[in-house]
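Start from chain X and add chain Z according to the hints.
2 protein chains.
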Amino acid sequence: MTELEEQVANISVTEDDDFVDPWNVAGKSQTGIDYDKLIKRFGSQKIDDDLIDRFEKVTGQRAHHFLRRGIFFSHRDFHTVLNLHEAGKKFYLYTGRGPSSESMHIGHLIPFIFTKWLQDVFKVPLIIQLTDDEKVMWKDIKIEDARQMAFNNAKDIIAVGFDTSNTFIFNDLDFIGQCPAFYQNMLRVQKCVTFNQVKGIFGFGDSDVIGKITFPSIEAAPAFSTSLPFIFENKVVPCLIPCAIDQDPYFRMTRDVAARLKMPKPALLHASFLPALQGAQHKMSASDPNASIFLNDTPKQIKNKINKYAFSGGQATVEEHREKGGNTDVDISYKYLTFFLEDDERLAEIKKSYESGELLTGELKKLAIDTITPIIQDYQARRALVTDDVMKQFFAIRKIDV
Amino acid sequence: MTELEEQVANISVTEDDDFVDPWNVAGKSQTGIDYDKLIKRFGSQKIDDDLIDRFEKVTGQRAHHFLRRGIFFSHRDFHTVLNLHEAGKKFYLYTGRGPSSESMHIGHLIPFIFTKWLQDVFKVPLIIQLTDDEKVMWKDIKIEDARQMAFNNAKDIIAVGFDTSNTFIFNDLDFIGQCPAFYQNMLRVQKCVTFNQVKGIFGFGDSDVIGKITFPSIEAAPAFSTSLPFIFENKVVPCLIPCAIDQDPYFRMTRDVAARLKMPKPALLHASFLPALQGAQHKMSASDPNASIFLNDTPKQIKNKINKYAFSGGQATVEEHREKGGNTDVDISYKYLTFFLEDDERLAEIKKSYESGELLTGELKKLAIDTITPIIQDYQARRALVTDDVMKQFFAIRKIDV
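In order, the protein sequences belong to chains X and Z.
Position 15 of the first sequence, counting from 1, maps to 15 under full-length UniProt numbering, and the rest follow consecutively.
Position 105 of the second sequence, counting from 1, maps to 105 under full-length UniProt numbering, and the rest follow consecutively.
Bound conformation, chain X alone (with noise of 0.2 angstroms):
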């Protein structure tokens, strides 16, 4: 790292602070994280009206409400992404998920549903990483078991909209031995960074395992666009990374090694987390049933688990919440509807009319249940069209439009 970004890194977290690591995110406050702490301890920057303004006037696109609404929310040098945008220049956007056995939730999909939205108005290739290595490592899992949940993943990924065109997925356990550009920029990074320096990063230890001790490398090197020579030719192109918050980590030491090694800095984009049904303190968990609307969920589930389960904000009994009216700050039906539905005014109305006392518990969790039911129908319509044929064709090594 810089020393900049050491120095800002290394500010001492207290135990008041939220833990925010790529293995773990617990918020100490019923409100949830606090994301603009976490941005003055990552030394990241925020996203701020200026940003979107910027955004707005060099692409000509009204801004996601992902952006509007601070759910992606820090940010770093997407400045100099626009402005290579502006002067007609190419970037590629980057991003990837540690599979899991569980089906993806909801919660999973906002950095790809932002991804999409991203490649649209840029009209930028994509690189999407599996890290089945990583379950490997982290978990008691098997290499055969982990590249089966990174294909299942794969499909569920690829039923965000991705386009075979202009997006290529792979996953380690079987990339890195197809492509020696790979694994030689794996060593590239790994000359540039010590046990020490992963140590400050990560908190690994001396009783860790070589294989964690070396993976930040394999989350790195998709950053550099020699790593996929098949698709950039040997040409430096530069990256931009969407990811939640907790990735961030992997890539502050992929800026530094990028300075080392001569290469264009990734540029950064970060995601707040989708909070637990159960309340904003915890991030939403495929690992726990109860806590997690999954993408395969029928409407009869959505419903059972937001009417059960979602933390309310609301009052004890209806004649108090006439009277004092609910809190959005922590309702999670409320957080939902701020993720999935678009429309701004309306989403206004509902605030306006739930903090008032006017709008009840139940008919907020309809308001959810009616907002994320068609959305994860659409999604699982899609989702039945993504059979093993279409996964193999984003899989292939290939040139894809740049």
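Each hint should be verified, as a subset may be incorrect.
Any copy will do: because identical chains look the same in the list, a pair fits if it lies in one copy or spans two.
35 angstroms max Cα-Cα, derived DSBU-like pairs, lysine-lysine [stated by the list, open to error]:
#1 K352 with K265
#2 K366 with K352
#3 K123 with K305
#4 K123 with K235
#5 K262 with K142
#6 K142 with K305
#7 K46 with K90
#8 K392 with K28
#9 K139 with K352
#10 K90 with K142
#11 K89 with K142
#12 K235 with K28
#13 K392 with K351
#14 K366 with K235
#15 K199 with K212
#16 K212 with K142
#17 K351 with K89
#18 K199 with K46
#19 K300 with K40
#20 K324 with K90
No wet-lab data here; the hints were simulated from the structure.
Coordinates of chain Z only, in the frame set by chain X:
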């Protein structure tokens, strides 16, 4: 490592001990490394007369003079390999080299000459790994240059007399990106070994780059036949590794990992070092041209180097030499004869004659020159035939005779 192996490997090294690890070798005595002491420290077994007898009985062939003269002096589980062979079961040979930019020298030939002989005796396939990625990590060398070094060294190795029908050669920088099964076995190894362990075995520290920390998994992977499915078709085939003793730490680690992966532990045959011209405290080193006889040296260069630099066990004057005789324990020309003069009787005569003072230093040097020069000339004639095309045949990912 097993507990026993760990205890043995950790026997503390005192200031008086020879230093031997994969990166440095330095003896304390003019007679060279104390190999018996090294056997105790490393926890390996001495190659004794019983083992040599058993070898000759099982194979029906006379043991190589490298075995008879203790040049290959130590082993792990070689009995197991002989039992396999006796039972008509298959194994394979694996050896390798960290490529260098300089020409290879005659010391580098020793493990390869012996490996070729083993291959002829046992009729088994051979895998040769060129760790060009290791050189990138340890030296200030670019990836392109390291690859080129590997290709040049491969030609030097091929000229020992290997056959494309049963020998596969690869360089890591290309091959790891061409064989997912190899990368997957690297991961299996990486999952079994902690930073603490590589710290203990290799002396890595917190300020070492993560590429060094993970490298041992790359030298371990070829010891598992499942890393090379195009040769072994995913069958589990045991492995015998002939190598210089300084590589043993890698394979102590590999043997421990093998046990945890429920794979056969590789067996080992350990070579001693060909001494430098200046004396047996140091092994021959390519980085000091005056200490080494290179494979591309002319007869004149060989003659001049031995006459000028080969450390002599003779006395200061002819008169004193006639009276006291020469010391074959420290005389480098004599040591080279033990490596390269196959005729046991002739060697015994020379020893006797030199120690009695009858044979003078100049005469002994001439014998060494006359023994080594034709070996190098024959080698050079074979080397001239190793074209790029020949080399590529060895590197082709293909089925070989097993």
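Hints, verified against the model:
1. K352 with K265: neither (43 angstroms within a copy, 70 angstroms between copies)
2. K366 with K352: Within one copy, since 16 angstroms is at most 35 angstroms while 103 angstroms is not.
3. K123 with K305: neither (38 angstroms within a copy, 67 angstroms between copies)
4. K123 with K235: within (18 angstroms within a copy, 47 angstroms between copies)
5. K262 with K142: Between copies only: 14 angstroms across, 37 angstroms inside.
6. K142 with K305: within (32 angstroms within a copy, 56 angstroms between copies)
7. K46 with K90: within (24 angstroms within a copy, 64 angstroms between copies)
8. K392 with K28: neither (43 angstroms within a copy, 61 angstroms between copies)
9. K139 with K352: neither (45 angstroms within a copy, 65 angstroms between copies)
10. K90 with K142: between (39 angstroms within a copy, 28 angstroms between copies)
11. K89 with K142: between (43 angstroms within a copy, 29 angstroms between copies)
12. K235 with K28: neither (45 angstroms within a copy, 53 angstroms between copies)
13. K392 with K351: Intra 44 angstroms, inter 70 angstroms, cutoff 35 angstroms: neither.
14. K366 with K235: neither (51 angstroms within a copy, 58 angstroms between copies)
15. K199 with K212: both (11 angstroms within a copy, 15 angstroms between copies)
16. K212 with K142: both (16 angstroms within a copy, 26 angstroms between copies)
17. K351 with K89: Neither. Shortest intra-copy (41 angstroms) and inter-copy (76 angstroms) distances fail the 35 angstroms Cα cut-off.
18. K199 with K46: Only inside one copy: K199 and K46 sit 27 angstroms apart there, 41 angstroms across copies, limit 35 angstroms.
19. K300 with K40: neither (42 angstroms within a copy, 71 angstroms between copies)
20. K324 with K90: neither (53 angstroms within a copy, 82 angstroms between copies)
Hints 1, 3, 8, 9, 12, 13, 14, 17, 19, 20 from the earlier list are contradicted by this structure; the remaining hints agree with it.
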